[in-house]
Structure formats: structure tokens, C-alpha cells
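Trainee: Here's the letter readout for the chains.
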Amino acid sequence: MFDSQKMFTGAGGFSEHSSEKIQEVEIADLRKITQAIKNCYGYDFTDYAISSFKRRIQRILELYKIPTVDQLIKKIESSVTFFEEFLAEITVNVTEMFRDPSFWREVRDHIIPNILLNHDTFSIWHAGCSSGEEVYSMAILLKEMDILDKVNIIASDIDKPILTKAERGEYNMKNMELNEKNYIRFQGKSSLRDYYTEKNGKAVMDKSLIERVSFRNYDLVQGNVFNKFDLVLCRNVMIYFNQNLQNTVLKKLYESLFRYGYLAIGSKESLIWCEIANKFIVVNNEEKIYKKIKE
Amino acid sequence: MGFNISNNYKAVVIGGSAGSFQGVTKILAGLPQDFELPIIMCLHRLKHVRNGFVEALSIKSINPVVEPSDKESIKRGKVYLAPSNYHLSMELGNTFSLSTEDMVNNSRPAIDITLESAAYIFKEKLIGILLSGANRDGAIGMKKIKERGGLTIVQDPAECMIDTMPKAALSITSIDHVLRTDQIIQFFSELNKSTIKQ
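If you read the sequences in order, they're chains A and B. Numbering follows numbering that gives the first Met the number 0, in which position 291 of the first sequence is assigned residue number 290; successive positions increment by one, without gaps. Numbering follows numbering that gives the first Met the number 0, in which position 157 of the second sequence is assigned residue number 156; successive positions increment by one, without gaps.
In case anyone wonders, no lab produced these hints; they're calculated from the structure. Quick caveat: nothing in here was measured; it's all calculated off a predicted structure. Since no wrong hints were added, every one of them can be taken at face value.
Computed, partial: chain B to chain A, Cβ under 10 Å:
| no. | residue |
| --- | --- |
| 1 | Pro67 |
| 2 | Lys70 |
| 3 | Met102 |
Derived list of chain A stretches under chain B, where covered just means 3 residues or more per stretch with a C-beta under 8 Å from a C-beta of chain B:
| no. | region |
| --- | --- |
| 4 | 49-56 |
| 5 | 89-99 |
| 6 | 172-185 |
| 7 | 229-240 |
| 8 | 254-267 |
Idealized CB from N, CA, C, for every residue including glycine.
Bound conformation, chain A alone (with noise of 0.2 Å):
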């Protein structure tokens, strides 16, 4: 039955969203682009997974019709604004309040009352904080445990003007129904809404939730470990990095922990294959939180 090389060759009317000028990225090119980047500016993009870095890149290309790799180091060289553009552009800034509701439900019901148990004020890092949807959450989160003035919490991200949005608090309306959703399935005491006011189509947070929160331009990647935390949330950030610098990045924020401090990673990442992965113990597999257990 598999004798004939059938073959279906269609007419077109279907047009790919790229354009054909626009140059395929290869792996040779990615190494001339980070190359370019840190002897321009430092930042060091070497050890990002290839895969989502390359589509990021070819992105780019796309989106500001630049044919060449080539061309694109030039802009990149030749241009700050340019570069801060594409370093907003490379990081991924998709997020959720709430994003996986039972990962919240977990951190209410027992990683906080937990943590409470030894101390009456704590501190929080989220690492990658990227447009500020878990900071928010967490912060309602605390309100409702009425505890949010007993902690400090830290928001970092290594693109400047994405900490700004996450500081001012501002999302699309269209993308509260799913925020909304995702409260109500991590069963909150009342309705998001109580947190945001509508304003030209856009949901403008309460700004008290938000009082005892820092936001820090801050690399992972290349910064020292600036403080110590009880709680730390690094979730979908470190796929985004190959084994090499997981390994880089776990050290120090397992170095940002509190002995017996907290570290939640994303729904699919894994500290199993992790050099460090002795230093913690598994708190809940499914929801991906994990213990310091040594120093």
C-alpha cells in the first residue's frame, strides 16, 4: 500500500506570516549576536536555550523588517534605544495573575502558614518578575491572609521597561477575564475586581497592594546575590536558559535562601538533573516547591 510515492502538491492561497526576504536564523548567527551584545553591553545571552532564543530573534527580524542578522548586529551596535527594544523583545513576558491556580492554593495553605509558624514578618524575592502579574497576585494573596504588611517582597527583572508596567500596574481589560478565572479557581474571598479600578480599558491596580514591594533592574544571570529571602518564586524563567546556566542560576538563588526557605520553580521545570539538588528537599512534586534543607 506504500509503493507509490503519492504525492499532494497544492495550489498556494495560504501565505506564510513571513516574509520571504527575511533570512532563516541558523546557530552559527545566534553566536554572533550574543558575541556582539557582550562586548557591547555586557549582557551575556550564551547559555539561553536555542530553541526559544532563535524563534525570539527571528521575531525580531520580523517585526522590524530587518532582513539580515548582519544588519540586525549593526542596529544593535550602533543603537541603545535600539538595544533596549530588543532586550524587551527577547526576554518573554507572557504571564497570568494567578497563573496555575492550585500552585496559589498550596502557597496559602501551607508553604505561609508554614513560614509563619517561626516568623511573624517575612521576605519574598520574585526573580523575573517580568510585567508584574505574580507580584500582584501574591499581594492580594497576603491581603487576604491579612499579613500583608508583615512582608517584604522584591520584584526583578532584567528589562527596565517592563518593571516600570509591572510598577504602574496597568493591564489590558481583555486580559482580566482570564486573571479573573484563575482567582476563582485559586478561590479567593472575593472578586478580583475588589483590587482594580477600570480606566480606558485598562485594569489600574490598587496601588496600597503594591506599597512594601521593590522593583530592581536586576540580571540573573550576571548579578550577585543581594539578599536573603524566605520565599523565593522563579517560575517559567529558567527554561529559558540551558542546563549550564540553570545550573549557574539555581546556586545563587538557593544562596538567596534562608536555611529552611522556600523556592517554587515553574509547573514544568525540574531540579532533579540540578547540581544542587541535594541542598533541597521536595515539598510538593506537583506544584514544583521545594526546601532548603542544607547550607
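Go by the hints and put chain B onto chain A.
Mentor: Chain B alone, transformed into the frame defined by chain A:
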């Protein structure tokens, strides 16, 4: 033979959307008992239901079905399913990687992303299969597989519950075989025999 055995295939990717569940279940249940090629599936699924799908697919599957974690190695004899709300790609060094990038074709996981990434890693050693579905996700991915020398198969539109997806692929690239699910099963069986003979 409709496939080039000297290609020494390394992996199978399957894309599917609306109306593909039945076909996928049938294919997984009909695999040869000793089928060794990793099967990597990207099926459109509810964004906010994390559990249940893998279990449902596992019931009748010859090989175990799992959702890979980020950086997990691709192993022979396993069936992998793109997790909900993540795109699934492959990396050099035979590992998976996940991403939360924007939706592509209104989907996350998007079939185009998984197929294109597999084409890039496995080149001519890849078999791509596109099943029933109501949108055009996967068409560009199938084109990339063809461009890199892989083998392309779509489910026979006449058998599909919704034929938009295989038809979209047929309209933009050459497809090696248009098969019903029972023919896909037979294809795997012949492929397996000739692989073992080798």
C-alpha cells in the same frame, strides 16, 4: 516502500486538534508492541486543565505517555505530550525545552512550534503526522519538515471529523502520504519490521 528506510528515522511528531483524540488513541493502541521511536505529540488542549489528558491517552497506549519537564531527555519507546499552556520544543543534545511565549495560531502549545523545532533537530530522520483539526496550526510545521527532508503524512481529510488542518498542510507543501488512521497503524508496523530487519 513509501518511506526511505536508509533514513534511519529517529522520531515521530504528531499534531492534532479538534476531532483528533479518537485517532490518536487508536494509533497509540495500534503501535507494534516493540515500537521504539519516540513519539512527540502536540495536541490542542484546554489551557487550564493540567491533569487528565495524559491519563486518558495512556489507558490504551502500547507505550507510556508522559508530559516532559523542561530539559528532560528524549528517550526511545516513550510517547510525549506537550503540557498544557506551554510550547514544546526540542534542543540539540536530544532534550526537550518548554516555553511560555505568546500563543501561536491562538494556541499554546502550538503545533507549528513543535513540528518546526523537531524538523530542525531531526531533519530527514523525522516523520511528521498531522491529524484532524479546525484551524491551520501545523501546516507551516509540516512544510518545514518537508524542507528538511523528513517524511510527511496527513490524516485522510475524508476520515477527519474536521479536515481544515490536514487540508491547510496539503495546500502549502507536498505531503508524502494521505492515510486513514488504520493505514497509519499499518505504516508504523511496516516501518517497525524493516527497522528490525536492519
